[in-house]
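Undergrad: Spelled out, the chains give:
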Amino acid sequence: MRKFLVFMLVLALSLAGCSNKCDFKKQQTPALYEASFVESSGTGEMMIKATGIGCSVEEALEEAKKTAVWFVLEGGDKPILKTQAEKTRAYGLEIQMYADPVKYIRWVSDIKSKKKEGGKTKVTYLFKIDVAMIQQELAAAEIITSTEDLGESIGLPTISVFADKGGDFAKTAVSALQEYLQDNSFEVYKAAQGDTVNKIVAKMAALESAETDPMHDMALSFGTDIYAKVNYSGVNGSVGTKASVAVEVFETATGKMLGTTTGYSAERRVTDANALVQEAVNDASAKVISQIRKEWMKMSKKGKPFKLVVLSNSTDGAAVSDAVYAVLKGLSTKPVKPQAGGKSTFSYIVYLKDIPNAYEFFMALKKAYSGPGQLEKVSDAGSFLVIKAAGNGEVELVIE
Amino acid sequence: MKKILLIMVCLISVFQLSAVEDASLIKSDETQKSYERKAVMGFGDIGFMQDSVRIPMRYCEINEKGEGRCIPWSFKINYPLDSREKLKAAKIFYQWTITNRFDKIILGDNEAFMRTKGGEVRIGLGGRIPTFRSGTSDRESFRRHLEHYLNSDVRKVFGNLLDASAEQRYSELSEKEQETFMVTKAKELGLSAAFVKNLLNSSYVFAAHVAPIGGDGRVIRSKHKSAVKGLHYYSFDVEIELSVNVVFMIYRYNYEKKRFEHYGDIVGHSGRISGSTDTALQIIPTPAQVMSVFNDVFRTAVKAASVNANFQLKQDDNFAIFMPVRSTDGKKIESEFGVMEDIRVDHPFEIFETVDGKTQRKGFARASDVSLNCKDGGQPTIIKVTNGDAEEGDQLREYPWTGLYFNLGFETDSVKIIGNKSGDNAGNMFASPGLHLGVDVDFGYVMNRPALSEFYFRAFLDLNFGLNSDSENVEPDLLGWFGGGVGIAKRFYTGGAGFFIAPAIDASYHGTLNDNWDFQRFVVTPQLHFGFSATPSFDFIIKGGWNVGFLTNAEYEKEDISARYSGFVHGLYVSLDFNFHLPVVGAMARMYKPASNACR
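Chains A and B, in that order, give the protein sequences.
At the far end of the first sequence sits residue 402, using our numbering, and the numbering has no gaps.
At the far end of the second sequence sits residue 610, using our numbering, and the numbering has no gaps.
Treat the hints with care, since some could be wrong.
Below, a list of computed lysine-lysine pairs in the DSBU-like style, where the Cα atoms sit at most 35 Å apart [claimed, not checked]:
{"hint": "1", "chain 1": "A", "residue 1": "LYS122", "chain 2": "B", "residue 2": "LYS267"}
{"hint": "2", "chain 1": "A", "residue 1": "LYS244", "chain 2": "B", "residue 2": "LYS267"}
{"hint": "3", "chain 1": "B", "residue 1": "LYS48", "chain 2": "A", "residue 2": "LYS114"}
To be clear, the hints were calculated from the coordinates, so they are not data collected in a lab.
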């Protein structure tokens with residue numbers, strides 16, 4: 003009898019060992035990294051579709067929440083943690099976030115998919131993640147630079163947004179993007195009807211004899227640090243219309259493209275495509291803001307570009323140019339780029355660290371200047387400075 | 011040896027577990043699909059291959075022994091299939107085949123009936139839509155005629171509207187925009203907006219064509235002997251048998267090709283339906299009385315064919331109810347679907363999940379409390395898991411079912427006939443092996459009554475043989491018993507493995523088949539069933555009970571010997587039963603009650 007009982011016990015244990023028992027060890031980090039961006043549902047929220055795995059639906063749901071938070075932190079094409087250094091610094095805080103992902107989740111959908119694979123349950127849900135809260139916590143832990151911190155170092159960039167192609171829908175997109183930028187503490191310049199390119203910018207554009215972008219000239223006139231061009235296009239599909247909004251972001255001083263992003267709406271039937279435009283801007287805005295922040299942070303570390311225009315006359319022009327160039331070489335963190343030059347008018351691109359605006363740039367320039375005459379400020383706006391200097395006679399603005 | 015045994019057990023387990031390995035995964039959205047209310051269009055003018063149903067009648071004379079002969083009778087059933095009769099039949103077809111989970115438009119002769127979840131309205135078409143005339147033709151001619159009608163007459167009137175709705179992506183418009191669109195289009199056509207709305211949402215078009223109806227009719231004169239006065243007298247009865255087979259041709263509008271295209275056919279079978287007069291007549295029946303029986307049988311046959319067609323329709327995923335499991339404790343599932351989707355009491359469901367890329371069935375469940383889901387704040391439908399378990403994200407699919415089983419049982423149905431003197435007993439208390447055949451019906455489902463949930467009614471015929479071993483005064487003999495009865499059982503499912511227990515009671519009447527012995531008995535059999543429902547289509551039941559009753563007749567060699575017995579009979583009843591689902595309901599169609607109208 004005793005032998006029989008031992009045999010039964012061994013048999014039962016063997017069967018248990020051979021059975022399809024779910025073996026899942028919960029880890030601090032997500033068990034799966036299957037997630038995708040769905041939409042920006044607001045300026046501080048993102049909807050993420052995330053998959054989790056576990057021995058039960060409940061366990062898999064908890065994992066899916068961790069995956070959703072991971073995606074916002076490190077996944078996709080616009081993660082909050084952009085560099086390896088940031089990821090390394092954030093490790094401890096990330097683990098804390100994974101331990102309590104519910105804190106950052108504002109909404110959970112019904113289950114979107116459920117499958118069993120290898121004895122484990124895989125489930126997919128949609129989550130709305132409070133991205134702003136995650137950013138705040140990372141900034142508070144000095145892992146990323148907060149928008150406010152960014153503003154304290156070199157000031158937040160001023161941005162102008164222009165409608166390029168797409169008619170009235172592009173204008174709707176411009177308004178929507180402006181709102182997003184303002185919500186993110188950026189200073190946005192709203193162009194009014196009748197705004198024109200100022201005379202000096204127009205003359206400089208002609209002097210530089212390059213194919214000029216009228217929006218770049220307008221941005222220079224406004225004195226914004228960055229400008230964005232918005233294009234709208236709508237495509238009629240099998241279900242309805244799909245809107246796409248392409249946003250190109252440029253540094254105003256240099257005209258260098260900082261990034262380009264396209265946002266899409268879902269394909270749906272609507273009587274007014276403006277609703278789709280808004281949806282497409284929602285999709286693009288987070289990427290645009292991410293790109294601007296990234297570039298502006300670089301500038302705060304390596305120097306902000308300024309465009310300087312010097313007006314003189316044919317008598318003193320060469321001497322003024324030499325003196326200004328010498329001062330710029332002393333101030334700039336990078337080589338000074340002369341852009342255009344004549345006998346009386348010159349322009350430069352210069353990268354300056356710890357100088358937040360054109361006025362302070364002028365003050366530094368004036369202090370170090372030792373050329374003919376006195377430096378006088380003609381205009382300063384954003385990263386665009388126009389000065390004049392001449393020992394004798396009047397200043398000329400001549401297109402030669 | 012032990013090691014070898016253990017290794018074998020492990021290997022067998024591993025092989026079993028690896029049997030479903032498949033890397034290909036189905037689309038994730040399909041694991042969570044849910045039924046969406048559809049609208050369908052049908053035609054009131056059903057296609058028949060004859061302009062009337064003609065059934066010859068025979069006149070039969072039956073003597074006291076049940077013997078007799080038949081001759082042709084002068085009266086023949088001639089049931090004209092005019093448009094009024096066709097519309098009546100169409101209503102039955104569409105009521106039972108396309109239940110109230112669909113919004114329906116039945117186009118009739120210059121009028122239409124629109125039945126939605128809110129009720130039924132009649133709409134005058136004022137000649138705006140040409141009437142469909144089915145004529146009397148064979149199935150393929152009817153099909154060609156139908157396709158021509160759909161792609162010319164209907165398309166001519168509604169084609170632009172259908173195309174416009176496709177272009178406008180009507181279903182994607184907001185509710186307000188839908189209304190505006192509908193009202194505008196309805197005004198153009200001079201029809202009500204609600205009618206046009208349903209018409210445009212009609213994903214499918216149904217047309218019915220009935221195969222030739224054959225049947226048999228008899229007027230029976232039976233001879234009886236009065237037990238009181240010993241005089242002979244006659245009674246008359248009418249018996250009619252017929253079957254109806256109807257083909258539902260289903261069409262769908264192809265928005266790409268801008269034409270109606272054949273989707274599929276389903277063939278509804280009524281089975282052989284018989285009917286007779288409720289009570290025997292004293293005089294030869296009049297033609298009106300014969301037609302009354304015919305009408306009842308014809309309507310029952312149409313209903314039976316429709317119930318069968320509905321069973322087949324539910325096998326198509328496009329017409330079946332699907333729902334993802336949202337709220338469950340593993341054994342009880344809550345669902346938002348209810349009477350508006352024709353969920354009936356005891357409605358069976360299959361539970362599916364996706365395992366390694368394959369959809370696998372993991373159990374069965376049955377609706378116990380069906381929601382009146384038209385009411386705000388209505389309670390959810392409660393679906394109880396009977397086999398397996400359920401968890402959030404599993405998929406429920408309704409199981410095509412009629413609630414009717416063919417029953418086959420192997421039994422010992424014993425009775426001991428108690429004698430007045432010791433040793434004068436007859437029969438056998440424990441051993442009378444035999445078998446029974448019958449039907450089991452889930453009353454709750456068929457009658458759609460919550461109070462009758464899991465009550466199974468059964469009717470049966472049985473045959474068994476028992477050695478007359480308890481009698482000392484007569485030669486041991488083999489008593490053959492033949493009889494029939496009815497019974498009722500109430501099932502209680504235990505756990506989630508498909509097992510159930512059911513207290514039950516049968517009442518039956520049997521007589522011996524022997525030449526010398528003529529015993530007749532009436533017994534009731536209280537019993538307990540232990541069953542296993544492998545699927546809603548197959549049950550396996552062990553029944554145990556005790557027959558208790560009395561002797562109604564006892565003769566030996568035609569001599570009345572009832573004085574030798576007390577009249578009390580009793581004995582063991584044990585049976586091993588198998589229930590097989592019946593998709594063709596036949597005459598049982600009379601019992602079926604329609605879907606709940608609580609939401610109308």
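Undergrad: For each hint, tell me whether it holds in the structure or not.
TA: Checked hints:
{"no.": "1", "hint": "A:LYS122 x B:LYS267", "in the structure": "45 Å, violated"}
{"no.": "2", "hint": "A:LYS244 x B:LYS267", "in the structure": "24 Å, holds"}
{"no.": "3", "hint": "B:LYS48 x A:LYS114", "in the structure": "23 Å, holds"}
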